[in-house]
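Undergrad: The lines below spell out each chain.
Number of protein chains: 2
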Amino acid sequence: MSATVSPLAPKKYPKMPAVEGVRIATAEAGIKYKGRTDLLAMVFDEGTTAAGVFTRSKCPSAPVDFCRQNLSGGKARVLVVNSGNANAFTGKKGRETTRMTGEAAAKAAGASAGEVFLASTGVIGEPLDAGRFSHLLADMAKEAKPDRWTEAAKAIMTTDTYPKLATATVKIGGADVVINGIAKGAGMIAPDMATMLSFVATDAPIDAPVLQALLSKGVGSTFNAVTVDSDTSTSDTLMLFATGVAEKRGAPRIMEVGDARLGQFRRALNRVLKQLALQVVRDGEGARKQVEVTVTGAKSARSAKRIALSIANSPLVKTAVAGEDANWGRVVMAVGKAGEPADRDRLAIWFGDSRLAFEGERDPAYSEAATSAYMKRDDIAIRVDIGLGRGKATVWTCDLTKEYVAINGDYRS
Amino acid sequence: MSATVSPLAPKKYPKMPAVEGVRIATAEAGIKYKGRTDLLAMVFDEGTTAAGVFTRSKCPSAPVDFCRQNLSGGKARVLVVNSGNANAFTGKKGRETTRMTGEAAAKAAGASAGEVFLASTGVIGEPLDAGRFSHLLADMAKEAKPDRWTEAAKAIMTTDTYPKLATATVKIGGADVVINGIAKGAGMIAPDMATMLSFVATDAPIDAPVLQALLSKGVGSTFNAVTVDSDTSTSDTLMLFATGVAEKRGAPRIMEVGDARLGQFRRALNRVLKQLALQVVRDGEGARKQVEVTVTGAKSARSAKRIALSIANSPLVKTAVAGEDANWGRVVMAVGKAGEPADRDRLAIWFGDSRLAFEGERDPAYSEAATSAYMKRDDIAIRVDIGLGRGKATVWTCDLTKEYVAINGDYRS
Numbered sequence: 001m002s003a004t005v006s007p008l009a010p011k012k013y014p015k016m017p018a019v020e021g022v023r024i025a026t027a028e029a030g031i032k033y034k035g036r037t038d039l040l041a042m043v044f045d046e047g048t049t050a051a052g053v054f055t056r057s058k059c060p061s062a063p064v065d066f067c068r069q070n071l072s073g074g075k076a077r078v079l080v081v082n083s084g085n086a087n088a089f090t091g092k093k094g095r096e097t098t099r100m101t102g103e104a105a106a107k108a109a110g111a112s113a114g115e116v117f118l119a120s121t122g123v124i125g126e127p128l129d130a131g132r133f134s135h136l137l138a139d140m141a142k143e144a145k146p147d148r149w150t151e152a153a154k155a156i157m158t159t160d161t162y163p164k165l166a167t168a169t170v171k172i173g174g175a176d177v178v179i180n181g182i183a184k185g186a187g188m189i190a191p192d193m194a195t196m197l198s199f200v201a202t203d204a205p206i207d208a209p210v211l212q213a214l215l216s217k218g219v220g221s222t223f224n225a226v227t228v229d230s231d232t233s234t235s236d237t238l239m240l241f242a243t244g245v246a247e248k249r250g251a252p253r254i255m256e257v258g259d260a261r262l263g264q265f266r267r268a269l270n271r272v273l274k275q276l277a278l279q280v281v282r283d284g285e286g287a288r289k290q291v292e293v294t295v296t297g298a299k300s301a302r303s304a305k306r307i308a309l310s311i312a313n314s315p316l317v318k319t320a321v322a323g324e325d326a327n328w329g330r331v332v333m334a335v336g337k338a339g340e341p342a343d344r345d346r347l348a349i350w351f352g353d354s355r356l357a358f359e360g361e362r363d364p365a366y367s368e369a370a371t372s373a374y375m376k377r378d379d380i381a382i383r384v385d386i387g388l389g390r391g392k393a394t395v396w397t398c399d400l401t402k403e404y405v406a407i408n409g410d411y412r413s
Numbered sequence: 001m002s003a004t005v006s007p008l009a010p011k012k013y014p015k016m017p018a019v020e021g022v023r024i025a026t027a028e029a030g031i032k033y034k035g036r037t038d039l040l041a042m043v044f045d046e047g048t049t050a051a052g053v054f055t056r057s058k059c060p061s062a063p064v065d066f067c068r069q070n071l072s073g074g075k076a077r078v079l080v081v082n083s084g085n086a087n088a089f090t091g092k093k094g095r096e097t098t099r100m101t102g103e104a105a106a107k108a109a110g111a112s113a114g115e116v117f118l119a120s121t122g123v124i125g126e127p128l129d130a131g132r133f134s135h136l137l138a139d140m141a142k143e144a145k146p147d148r149w150t151e152a153a154k155a156i157m158t159t160d161t162y163p164k165l166a167t168a169t170v171k172i173g174g175a176d177v178v179i180n181g182i183a184k185g186a187g188m189i190a191p192d193m194a195t196m197l198s199f200v201a202t203d204a205p206i207d208a209p210v211l212q213a214l215l216s217k218g219v220g221s222t223f224n225a226v227t228v229d230s231d232t233s234t235s236d237t238l239m240l241f242a243t244g245v246a247e248k249r250g251a252p253r254i255m256e257v258g259d260a261r262l263g264q265f266r267r268a269l270n271r272v273l274k275q276l277a278l279q280v281v282r283d284g285e286g287a288r289k290q291v292e293v294t295v296t297g298a299k300s301a302r303s304a305k306r307i308a309l310s311i312a313n314s315p316l317v318k319t320a321v322a323g324e325d326a327n328w329g330r331v332v333m334a335v336g337k338a339g340e341p342a343d344r345d346r347l348a349i350w351f352g353d354s355r356l357a358f359e360g361e362r363d364p365a366y367s368e369a370a371t372s373a374y375m376k377r378d379d380i381a382i383r384v385d386i387g388l389g390r391g392k393a394t395v396w397t398c399d400l401t402k403e404y405v406a407i408n409g410d411y412r413s
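One line per chain: the protein sequences are A and B, in this order.
According to our numbering, the first sequence holds residues 1 to 413 in order.
According to our numbering, the second sequence holds residues 1 to 413 in order.
Rather than coming from a laboratory, the hints here were simulated on the basis of the structure.
Please note that a few of the clues may not be correct.
Pairs count within a copy or across copies, as identical chains cannot be separated in the list.
Unchecked claim - Straight-line C-alpha distance at most 25 Å; calculated DMTMM-like pairs for lysine to aspartate or glutamate: (1) 93 <-> 361; (2) 274 <-> 147; (3) 92 <-> 368; (4) 11 <-> 65; (5) 402 <-> 325; (6) 93 <-> 363; (7) 248 <-> 46; (8) 402 <-> 324; (9) 32 <-> 361; (10) 92 <-> 343; (11) 92 <-> 385; (12) 12 <-> 139; (13) 75 <-> 65; (14) 392 <-> 359.
Here the structure is a predicted model, which is why all the values come from computation and not from measurement.
Construct the entire structure; sequences and hints are all you get.
TA: Here it is as structure tokens:
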């Protein structure tokens with residue numbers, strides 16, 4: 001949690017309704033931070049199904065290993081998240097911590113060991129002592145309340161400058177269901193995985209395999225399309241829980257991915273995921289501008305995404321945006337280095353609505369003044385047409401500022 | 001050229017001997033910079049052979065296209081380099097500029113059109129008017145002198161804070177030959193290509209195919225093992241010229257790559273390339289520390305290099321070094337995100353001689369105080385043992401500082 005709030009923070013936060021079957025408690029365990037909550041317990045009613053996507057890092061954290069193992073059961077009763085220590089690269093001690101925390105959480109929630117999910121975020125390589133917080137879980141499970149989503153989002157923050165929340169209410173087979181989500185950023189964020197931590201819950205009755213299919217599909221154009229610094233966390237975790245309580249109100253149980261009654265839910269879920277992912281970008285360390293990069297006309301969608309990420313991860317493009325400089329030459333450079341099919345003489349580049357480059361050279365109609373004015377905005381859109389095919393993709397990033405360097409030059413000390 | 005010189009600049013510059021068969025002239029053409037030289041002409045005696053490696057960017061500059069075409073002849077009589085404008089992404093105008101410059105240079109040096117080589121460095125996307133400088137070439141070729149290597153290095157600088165020079169004198173078959181090289185950085189530098197611009201010349205009599213083989217091999221562990229910001233230039237060019245004048249002094253003409261008499265020359269060439277490549281890193285934009293990243297125990301050398309580059313290009317690792325923080329957790333993260341075979345529980349990490357992590361967790365013997373003292377040095381060595389095989393690689397980079405952001409946030413304006 002930072003003293004200064006990102007200039008890109010939401011102007012107002014959504015009012016989060018309860019999700020039936022979910023109760024929440026937070027606590028100050030003092031793991032690293034003082035005077036703030038750093039522990040979250042989310043307790044789920046019996047019958048809750050779970051889905052998750054995790055970091056593709058070859059060095060995942062102990063809680064990621066733990067969740068992957070328990071996810072095979074597809075059932076969840078309790079989620080415990082701490083901030084301040086990632087319990088990553090902590091060897092045998094780390095596994096011992098997840099085992100002890102898992103046992104304490106299961107006992108607190110009256111669950112079996114396989115229905116517990118854990119996540120940790122913070123410094124890597126410091127042993128995390130379960131004794132510091134596992135004794136708090138019994139009381140937390142007891143006094144957990146449904147209306148604490150904002151508190152939940154706050155308890156999992158690290159270098160985030162604001163809590164990240166999204167909600168949607170949609171119909172499944174005539175019955176209202178709620179989708180609530182929280183997330184945290186704000187550095188070590190890159191696609192090809194989930195973001196660091198995000199948890200979404202719904203009262204819709206959806207079987208675990210369907211839930212997993214929805215999440216795995218939804219992540220591609222949302223969390224896996226954002227990048228702050230191209231660095232992939234060891235702890236990235238995105239989980240989706242469905243309590244199924246809406247079944248009592250007439251929502252049909254969804255047991256097949258192809259069920260036509262899922263349409264509205266699927267779109268709402270993707271919207272919630274995208275809102276959370278964009279909030280992560282907008283709170284990227286040191287960020288002052290959001291940058292949307294769209295690539296069209298590539299050989300394939302995959303090729304378009306690679307080119308878009310090459311642009312979005314280029315330090316030179318990101319520093320130019322920070323300097324409010326429409327330096328499209330650096331966009332050319334980033335297209336060129338992506339290694340994907342491209343033909344210099346067919347490229348066209350837009351910043352906002354202004355076309356700066358066309359057919360391999362500067363657009364004769366390009367107005368430096370108009371573009372300079374555009375670059376002063378908070379939200380910058382860069383579009384590149386490759387001119388070769390029909391592949392397209394959009395990714396989101398933020399600018400690279402001196403504050404990013406300051407935040408990360410003395411995070412550990 | 002910057003007002004403040006990098007703290008990592010060489011304490012003294014080498015005295016550059018002449019390379020027989022090479023004459024040099026520089027001029028103030030006023031292409032972008034005022035009050036400094038920005039044009040270099042290097043004139044070669046008849047019989048000079050040439051080799052080159054160029055950017056792998058899909059959007060190469062017009063001079064790169066021009067050089068690639070002429071290199072097939074293997075012969076060189078004149079090299080013309082300008083700074084201040086890269087003549088990249090300049091479409092038909094750019095090709096017209098290289099054609100006109102090439103003609104003027106050939107006429108000035110009494111060469112055929114295919115014996116001319118061109119390079120340009122500076123802003124991308126601005127048309128470069130050959131009329132601004134091509135009329136200067138005739139006089140430059142006339143008054144070119146052998147002893148102007150330092151002036152040559154200065155004329156090609158852009159955001160560089162010092163000129164980059166290296167020299168070696170070695171024997172081929174009993175006769176002394178000289179190898180001189182110059183280079184320029186300092187941003188948009190990443191491996192998988194040459195650096196932005198580097199030119200090396202020797203009086204050794206070496207046939208063009210042999211010269212090309214030596215250069216292509218030598219670049220792997222030198223220029224292609226350095227990265228400043230992971231951004232690949234559109235203009236990267238490394239050329240090697242051999243005048244062959246040493247043949248008069250008894251040096252044998254080398255016509256086969258396997259010629260045993262090349263041993264000393266090959267080692268000296270690689271040393272010159274490495275010295276130039278490291279000078280580029282040490283003048284990386286905003287750099288205050290050089291970072292050497294060595295990966296051992298990987299599945300293969302290729303895998304080791306990918307892991308090493310993942311570490312060297314990680315913004316979080318680079319900002320930690322800038323903050324003098326031995327944040328080895330971020331090294332774990334960078335190993336994990338490389339996508340190469342790795343086993344968290346076999347990893348070991350050293351900063352200098354201190355082992356910080358061992359067998360997947362913090363080394364019990366690790367001294368924070370000793371490591372903090374080490375991090376204050378100018379030259380930081382990070383070593384990672386993957387514990388899986390025998391592949392190893394070393395790459396070099398610099399730290400990521402607020403100055404990098406400042407330099408690149410207002411370069412164009």
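Undergrad: Since the copies are identical, ignore which copy is meant and state whether residue 402 and residue 324 lie within 25 Å (CA to CA) inside a copy, between copies, both or neither.
TA: This pair counts as both: shortest intra-copy Cα distance 14 Å, inter-copy 16 Å.
Undergrad: If the cut is 25 Å between Cα atoms, do residue 92 and residue 343 qualify within a copy, between copies, both or neither?
TA: Answer is between: at 14 Å across copies they meet the 25 Å cutoff, but 52 Å inside does not.
Undergrad: Could you figure out if residue 248 and residue 46 sit no more than 25 Å apart (CA to CA) within one copy, between two copies, both or neither?
TA: Within one copy, since 14 Å is at most 25 Å while 91 Å is not.
Undergrad: Within, between, both or neither: how does the pair residue 402, residue 325 come out at a Cα-Cα threshold of 25 Å?
TA: The answer is both: 16 Å in one copy and 17 Å across copies each meet 25 Å.
Undergrad: With identical chains, the pair residue 32 and residue 361 could be close in the same copy or across copies; at 25 Å between alpha carbons, which is it: within, between, both, or neither?
TA: between (53 Å within a copy, 19 Å between copies)
Undergrad: How do residue 93 and residue 361 come out at 25 Å by Cα distance, when the copy is not named: within, between, both, or neither?
TA: Between copies only: 9 Å across, 58 Å inside.
Undergrad: 25 Å Cα cut-off: does residue 92 pair with residue 368 within a copy, between copies, both or neither?
TA: For residue 92 and residue 368, the Cα distance is within 25 Å only across copies (22 Å; inside one copy 59 Å).
Undergrad: State whether the alpha carbon distance between residue 274 and residue 147 is at most 25 Å within one copy, between copies, both, or neither.
TA: Result: close within a single copy only, 23 Å intra versus 62 Å inter.
Undergrad: Please sort residue 92 with residue 385 into within, between, both or neither, judging by C-alpha distance up to 25 Å.
TA: between (50 Å within a copy, 19 Å between copies)
Undergrad: Please work out whether the CA atoms of residue 75 and residue 65 approach to 25 Å or closer within one copy, between two copies, in both situations, or in neither?
TA: within (16 Å within a copy, 60 Å between copies)
Undergrad: Can you give me the call for residue 392 and residue 359, within, between, both or neither, at a CA distance of at most 25 Å?
TA: Within one copy only: 19 Å inside a chain, 43 Å across chains, cut-off 25 Å.
Undergrad: Which holds for residue 11 with residue 65 at a C-alpha limit of 25 Å: within a copy, between copies, both or neither?
TA: Classified as neither: same-chain Cα gap 37 Å, cross-chain 50 Å, threshold 25 Å.
This entry does not satisfy hints 4, 12, going by the numbered hints stated previously.
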